[in-house]
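Novice: What follows is each chain in one-letter form.
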Amino acid sequence: MAGLSLTQIRKTYGKVEVIKGVDLEIEHGEFVVFVGPSGCGKSTLLRMIAGLEDITGGELKIGDKVVNGVQPRDRGVAMVFQSYALYPHMSVYDNVGFGLRLKKTPKDERDAKIREAARILQMEHLLDRKPAQLSGGQRQRVAIGRAIVRQPEVFLFDEPLSNLDASLRMDMRMEISKLHRDLGATMIYVTHDQVEAMTLADKIVVLNGGVVQQVGSPLELYHRPANLFVAGFIGSPKMNFIDVTVEGGDNVSLRLASPVMATQTVPVSGSGVKAGDRLTLGVRPYDFRLMEDGAFSGTVTLVEQLGNETIVNLALSNGQHLIVALDGDTECSIGQTLKVGFLPEKAAVFDTAGVHLQR
Amino acid sequence: MAAVTSPNQNLKTSLKYLLLILVALVFVFPIVFMVVSSFKPDAQLLRDTSSFNAFLPVGDVSLDNYFAAFERAPVGLFVFNSILVTAITVIGSLFLCSMAAFAFAFLEFRGKSIVLSIIIATLIVPFETIAVPMLMVVNALPWLGSDGITWGWLNTYHVQIVPFLADALTIFLFVQFFRDLPKELIEAARLDGASWFQVYSLVIVPISGPVFATAAILKFLAMYNQYLWPLMVTQSEQYRPVMVGLQYFFQLNTAWGEVMAYLSMITLPVLAFYLFLQRAFITSIASTGIKG
Chain B
1 MAGLSLTQIR KTYGKVEVIK GVDLEIEHGE FVVFVGPSGC GKSTLLRMIA GLEDITGGEL
61 KIGDKVVNGV QPRDRGVAMV FQSYALYPHM SVYDNVGFGL RLKKTPKDER DAKIREAARI
121 LQMEHLLDRK PAQLSGGQRQ RVAIGRAIVR QPEVFLFDEP LSNLDASLRM DMRMEISKLH
181 RDLGATMIYV THDQVEAMTL ADKIVVLNGG VVQQVGSPLE LYHRPANLFV AGFIGSPKMN
241 FIDVTVEGGD NVSLRLASPV MATQTVPVSG SGVKAGDRLT LGVRPYDFRL MEDGAFSGTV
301 TLVEQLGNET IVNLALSNGQ HLIVALDGDT ECSIGQTLKV GFLPEKAAVF DTAGVHLQR
Chain H
1 MAAVTSPNQN LKTSLKYLLL ILVALVFVFP IVFMVVSSFK PDAQLLRDTS SFNAFLPVGD
61 VSLDNYFAAF ERAPVGLFVF NSILVTAITV IGSLFLCSMA AFAFAFLEFR GKSIVLSIII
121 ATLIVPFETI AVPMLMVVNA LPWLGSDGIT WGWLNTYHVQ IVPFLADALT IFLFVQFFRD
181 LPKELIEAAR LDGASWFQVY SLVIVPISGP VFATAAILKF LAMYNQYLWP LMVTQSEQYR
241 PVMVGLQYFF QLNTAWGEVM AYLSMITLPV LAFYLFLQRA FITSIASTGI KG
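Going line by line, the protein sequences match chains B and H.
Anchor point for the first sequence: position 303 equals 303 in this note's numbering, and the numbering is continuous, going up by one each time.
Anchor point for the second sequence: position 87 equals 87 in this note's numbering, and the numbering is continuous, going up by one each time.
It is possible that some hints are incorrect.
Each pair of labels, with its calculated beta carbon distance range [unchecked claim]: (1) H/Arg110 with B/Glu25: 31 to 39 Å; (2) B/Ser162 with H/Ser201: 39 to 47 Å; (3) B/Asp165 with H/Lys12: 35 to 43 Å; (4) H/Lys12 with B/Gly209: 28 to 36 Å; (5) H/Arg110 with B/Gln358: 46 to 54 Å.
Quick list of in silico lysine-lysine cross-link-like pairs, DSSO-like style, CA-CA up to 30 Å [claimed, not checked]: (6) B/Lys203 with B/Lys65; (7) B/Lys15 with H/Lys16; (8) H/Lys12 with B/Lys103.
Hints were generated in silico from the structure; no laboratory data involved.
If you're wondering where the values come from, they're calculated on a predicted model, not measured in any experiment.
Beta carbons: idealized from backbone N, C-alpha and C, even for Gly.
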């Protein structure tokens, strides 16, 4: 088992730079999730670690060995693909054992390893079938089994659950999490689904435009997003952003005003900020409460009653919309005027460059 | 809900089948005519061509034409030569062309697209234009055989095989098929530890049955029907294939019955090969392991 170290990793296709100098340390046994919107470079980065894409610049170490020019098979990595990539002409048994067969593992040992992987993934009864005779979830298990038997240093997952339906996705998510606990291996997982990222990861790497936006634990990213992008990307429903103007403040708090909001004092450091600066206030939908003297007043345009919570879309006087998550038994109807407030200590403030202001 | 068929639909279906049967007959009649005529003496054969009897085994039917054909030409030798040359060329070209196409489809190397473009461009060059230069080339080439090194390839089997081992059409067919295969399969195999040759032989070849069958049929027909090239390079009867053998029958007075008997005999291997591969073609359509 091994950790990874990425130093100034770059990737260009012709003149287009898709990975722009990524620095990242991954500890041995960590579950790291790369997350970001489509085209952010997360899959490319994973494929560079696998050895399926050349590294244009920088240094990639697996364990303490630089592997930039090393063939995929010699990197000690195994990968699970989004499309599963099972060999259609081979049975499940042969699919799982293909890597061992190529390594010329003795037949008895190979058989034992295949059956052990099948036992872990509860697919002993599928070993004689061909991939075409399996359901999506079963195919995914086989793909994971194929990775397990090789006992790699690092497991790589490229959006492995995106082809499964919602309930199966949840089951497989839990299984992958359990697998990580059981094997204790280093795992790198790419997804655009932030629920997967939040539930699986020890450490999340948020990427956008080929640049790492923030690296941290799921809760760190949720509560202390480094910038507007991370704040908007992590959390569902999305964080609300309100343009505000600084009225005044000191080293421990700022007074913020907006035409759509009663003036609020938010506990963030005002150093480097002066009166009149235009900032962005971020409030998560779950940090709103119904309050008679709430900072915002708006008209309800959409109500989604989910039982455990009620998601309300509130139109403010300037046409901007707020997403507000309220208690499940909140009664409200479209067209009604609601007043909502928030706890200032839960709010985030971003400067003109989009950087989160510290408390 | 039960399927409802109206009389109108039945009529449409019947017309469709009638049309298909007519088209099928257009293709079947010449073969029927050939086989039926091969059993008739020349006089009756020519007389029957003016009536539907041409397609019916009626009148003086015998195997005489077949015996006569065997007397006129070494039919067995010609069929053997053709099958030998065709079989080696088909197997060799499937192997070489599929490997070349694998490189074009999956490997990265400098000048790849230019080389592929040049190969495909050769598709538009008719064989007749390069036949004479090629004859001069093979006439000047050495060959290492059981008698040591000999110069000039004329009057051999290999002169009929080697120049046709690689051809643009077969490479093109394979490239097109390989490009449509899911790339993840190759990547998964690479990560599983397969060398490029193992990716080719253990992953790509087993799932490429349809294109191998198609390429084999086309190559078989092209090779089996070779006429001009073997005529140019084989002066000795020992190496001549079936199509060159046909000229033994077109003498001053063409014996049409014997021609038909000879043609019937040399058509059999083609039909057998086609029917065999057609079955392989259908059963080998690989079900994909990639989520579709």
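Novice: For H/Lys12 and B/Gly209, compare the CB-CB distance with the range 28 to 36 Å and indicate the outcome.
Specialist: With a Cβ separation near 58 Å, H/Lys12 and B/Gly209 fall outside 28 to 36 Å, so the hint is violated.
Novice: Okay, B/Asp165 versus H/Lys12 on CB: inside 35 to 43 Å?
Specialist: 40 Å, holds
Novice: Has the hinted range 46 to 54 Å been met by the Cβ atoms of H/Arg110 and B/Gln358?
Specialist: 52 Å, holds
Novice: Note whether the CB distance of B/Ser162 and H/Ser201 lies within 39 to 47 Å or breaks it.
Specialist: Violated, at about 32 Å.
Novice: Is the hinted range of 31 to 39 Å satisfied by the C-beta distance from H/Arg110 to B/Glu25?
Specialist: 36 Å, holds
Novice: Is the Cα-Cα distance between B/Lys203 and B/Lys65 30 Å or less?
Specialist: With a Cα-Cα distance of about 23 Å, the restraint between B/Lys203 and B/Lys65 holds, given a limit of 30 Å.
Novice: Just to be careful, I want the Cα atoms of H/Lys12 and B/Lys103 compared with a cutoff of 30 Å; is the pair within it?
Specialist: Between H/Lys12 and B/Lys103 the Cα gap is close to 60 Å, so the pair fails against 30 Å, i.e. violated.
Novice: Taking 30 Å as the top limit, are the C-alpha atoms of B/Lys15 and H/Lys16 close enough?
Specialist: Roughly 56 Å separates the two Cα atoms, so the pair is violated.
Of the hints listed earlier, those the structure fails to meet are numbers 2, 4, 7, 8, in rising order.
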